[in-house]
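Q: Taken in sequence, the protein lines are chains A and B.
Counting from 51, one number per residue, gives the positions in the first sequence under my numbering.
Counting from 51, one number per residue, gives the positions in the second sequence under my numbering.
Hints are computed from structural coordinates only; laboratory data are not their basis.
None of these values were measured; they are calculated from a predicted model.
Some clues are possibly wrong.
Which copy is meant is left open, because identical chains are indistinguishable; a pair holds if it fits in one copy or across any two.
[Said to hold, decoys possible] Computed list of lysine-lysine pairs in DSS-like fashion (alpha-carbon distance at most 25 Å, straight line):
{"hint": "1", "residue 1": "K418", "residue 2": "K453"}
{"hint": "2", "residue 1": "K384", "residue 2": "K217"}
{"hint": "3", "residue 1": "K259", "residue 2": "K115"}
{"hint": "4", "residue 1": "K385", "residue 2": "K327"}
Residues per chain are reported as follows:
2 protein chains.
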Amino acid sequence: MYGLILAGGSGSRLWPLSRELYPKQLLNIQDTESLLQATFERLERVMPASNIISMTGVKHVSNVKYQLSKLYQNPIVLSEPTSKNTAPAIIVGTKFIMEKTESDPVILVLPSDHQIKDIDGFEKTVKKGEKIAQKGLIVTFGIKPSYAETGYGYIKVDSEEIESGFKVNKFVEKPTKEIAEKYISDGNYYWNSGIFMFKASVLLEETKKCTPEIFEKLENYDFSKSNEIPYIEFDKMPAISIDYAVMEKSDNIALVKLESDWNDLGSWSSIYEVSPKDENGNVIVGHVLDEGSKNSFIYSSSKLVATIGLEDTVIVETEDAILACKSDKTQDVKKIFDTLKKQNDNTHLVHKTVYRPWGYYTVLAEGKGFLTKMIQVNPGQKLSVQSHNHRSEHWVVLEGMAKVLLEGKEHILSPGHSIDIDVKEIHSLQNPYEETLKIIEVQKGDLLIEEDIVRYEDMYGRV
Amino acid sequence: MYGLILAGGSGSRLWPLSRELYPKQLLNIQDTESLLQATFERLERVMPASNIISMTGVKHVSNVKYQLSKLYQNPIVLSEPTSKNTAPAIIVGTKFIMEKTESDPVILVLPSDHQIKDIDGFEKTVKKGEKIAQKGLIVTFGIKPSYAETGYGYIKVDSEEIESGFKVNKFVEKPTKEIAEKYISDGNYYWNSGIFMFKASVLLEETKKCTPEIFEKLENYDFSKSNEIPYIEFDKMPAISIDYAVMEKSDNIALVKLESDWNDLGSWSSIYEVSPKDENGNVIVGHVLDEGSKNSFIYSSSKLVATIGLEDTVIVETEDAILACKSDKTQDVKKIFDTLKKQNDNTHLVHKTVYRPWGYYTVLAEGKGFLTKMIQVNPGQKLSVQSHNHRSEHWVVLEGMAKVLLEGKEHILSPGHSIDIDVKEIHSLQNPYEETLKIIEVQKGDLLIEEDIVRYEDMYGRV
C-alpha cells in the first residue's frame, strides 16, 4: 500500500496561530508534534515510511520537508507548482506512484490537518478499505455524524452493501441547519472525511470517464528523471476538487465507516471541543491569569494574558497578533484573515518568528534602514553560503558558539563577540557544535527584504 | 495662589497600561499629553508655573520631573521618601511653601490623575473657592453625583451657606449601592473629589487641633538649605489620609460645587464612559480589526488586535501583557495586579518599554546570560557616566549618531558601527545631535539587573 498526504492549506481558520506560510498542519496544537507529523506516523502503522508521498504548495515544501525529516531520513515531498485544488494533485500523485513503482498499488489519500487519536480504529478501517479497493472500488471513509454540523459535506449511502462497504448514493454540499438535522434523523448520511483509497489504475480509469480533460493531460508527465511536477503542464489542469472531478460522478464508490474518533480542527471552537477543560469549562494554555471566566479558550504563546469574567470567549495571543472572539463566531476568523490579505497586512502571511530548516528567526525591531533579528541555529545546522546586494549585517553571539565563514576566512565566535559582514561579502553561519546557537543580527541598508539573497551553497537544497 | 499637585499612585487600576513604576497620571490616555501634564496646565490658568509644586514617591520623581520639564523649565518636584498617604505629604508641602515664600498664601491641592475638560468651569470654581479660603475656611470641591457610584467617598452638606459655600456636615466612606441611592435621592450629598484649598496657616492650625502628632513633628523640617524631605522625619509621621487627619475632624470646612465635568478615570469602564464611541458603541484605539463587536473597549498599543462578536468587553494590549475583561468586572483588574505582585511577576511593575529622562529602552529578548535592548536617546540627551560590575555591553548603532565615552576616550559611531564595553569600564552614551539616536545593546554576564550600575556623573541628578 502507498500513501498520499495532502499537505496544502491556506492557514486562515486557526489564525493568528496559523498563517498563510505556516498553516494548520504544521502546528503543534495539543501535542509535541504537528498534525502533519501525526498524520505521517499514522500512515507508518499501515505501510513503510518509504511508501509515503506528501504533496504541498511551493510555499510550504521547505517546512513540510523539514518536519517530516525529523521522522524519516528522506521523505518524498512533491511540490504543486500552482494551486489547483485536490483533483490534479491526487491524480498526478497517483501517476507518480505508478511510474516510480512500475506497479498498480492501492493508494490511501488523506488530509494532513485532521486529528485522529484512536490509531487502532483507524488501522482497522484502513485494512477493511484495502480489501474493498483491491476489488476495484474507490473507497471513501465516512464519519457517523454526532450532531447537525453545517460546516461539512455529507455522503448519502444506500442500505445495500457493496463488497462489505455501503454503496454511495450521492455526495452533498454543506447543508443548512434544517437539512443537516434531517440528515441526522434519516440516519443514512455520513460526514465526508476527505480520506479515501483506491487501486491506482482504478482512479485513473474513473478520471478518464468522469473528467477526461484531466486524464488527457497526464501523458505529458514523466517522472522517470525527476520528481518535479512541470509547471506548464500542471497549470493547464482545471482547479477542481477530487469530489467534483471523480467522486460525485462515479458510481463505483463504496463508503466505509471510520472506526475511530475524528476532528478536522477547522476552527478555534473545534479545538476547544477536543481539549481537556478545567472545572469552569475553560481551556487554558500558556502564561494566563484568570479571574472567574467560564467556558472559554485562552491561549498564550508568549506574553501574559489576564482574563476576568469572560464567558464563551476565545482569546489567542501570538507575538504579533491577538484574536478575541465570541465562541460562536470562530468561523468569522476567515473574514479577518481575508481582510488582512486584502490590506496587504503581512499579519495573515507570516509570524514574527519564521521557521527554517536550520532553526528559526524572530524579528525584534524594525525601523528606517535597519532590522534586528534574533536567530537560532540548531546543533549541527548551517545557513546557506550567501551574500546580499543591499544590506550589511552585524552579528553578536548570545549563546553557544558560531562558526562564521566570511570571504573564505573562518571565524569562531563565543558569546559577546561580534562580526561585521559588508554588502556583497560571501558568508555563512554555522553551528557545528552540540549547544544551540543564538545570535542577534542587525541588518542595515536601503532595501531590507528576505528576497535580497544570493545563495551559493545550501545543505537543504535551496540554491 | 500656590498649587500642590499630588502625583503618587500605585498603577494598579489601569493595568496593563499603567504599572507600579508608570502609574495612571503619567499616561497619555486620550490625549497627546499625560493626565499629570494636563493637571499642571490647568493650574497654570490660575497661577504662575513657578508657584506649582508637585509631590510624588521616590520611584516616580524622575518621570514626573521629565514630563513637567516639557511644560516648564524648572519644575519643583518634592520627593516623598516613603509612602505615608496624603496627610503628611500635604502638610509638609504646605510648610515647604510657607518657608520658601515667607508668606501665608492660599494653596490649591489637587490629584494629578483626574480628567477635567471644562477648564473655564474649573477656573470659575477655583476663583470662588479662593475667596472663601481667604476668609479662613478649608474649601473642599464637591461633585454633584450623576448616579449612585459605590467607588467614591461622599460629603454631606447642610443647607445653610457658609461664606457662599455649603457648610460640610460630614465626610462618609464609600457606600453600599442602597446607601448611595439614598444619598442621591436625599440630594445633599456630593462626591469627594480630593481637590481642596486653604490658607497655609489655616491648614497648619487645623492640623494642630485635629492631628497634633503630625503638627508637632513639623518643627524638625527646614527647607532653607535644601528641597529634600528628610527620610527619618517623614518616616516618623503616621500614614493617614488628609480626610482622616483633618477634613473629617475639623468643623471649619466649606464645600464648593465643582462647576465643570470631572472623571477620576479609576477603571477601564470609566475610560470607556468618557471616550467617543462608534455607531456600535465601541471605543477602538490603535491597530484593531473588528467584526461585529458591540459596546466594547478595544485598545492596541502595538500589535494587531482582531475582535469578533464581542459584547461589553474590554481588551487592552501592551507589549508584554494583554487584558481581556468583561466591562462590569474592571474593578477586578486590581486583583490581577496584586496577584502578579505577590508572584513577583514584574509585569505589574514595569513595561517592556521603560521611559527615562534621556529617552527610553525596550527589552527585546532575554535568555541565559544575555539581555538585548533597543535604546533610544533623544536629541541633546546623555546617559549617566557609569560602569557595571557584572556585565559587558555591546552597542550597535541603528539610526542617528552616537558619541561614546569609553575609559576617557571618545568614539563617534554612525549606523552599523559597534563598540564593546567590558565589565567595570567607565562609559557613557550621548546624543549631542539633532536626530534621534537608536542603538541595540547586547548585555552579557552572570547578573543582568538594572541595579548593577555605578553612576559617576549624571545630567539628571541621579548620582
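Q: Against each hint, give a clear statement of whether it holds in the structure.
A: Comparing the hints with the structure gives:
no. : hint          : in the structure
1   : K418 <-> K453 : between (30 Å within a copy, 20 Å between copies)
2   : K384 <-> K217 : neither (35 Å within a copy, 63 Å between copies)
3   : K259 <-> K115 : neither (35 Å within a copy, 83 Å between copies)
4   : K385 <-> K327 : between (28 Å within a copy, 23 Å between copies)
Violation of the numbered hints given earlier is confined to hints 2 and 3; the remaining hints are satisfied by the structure.
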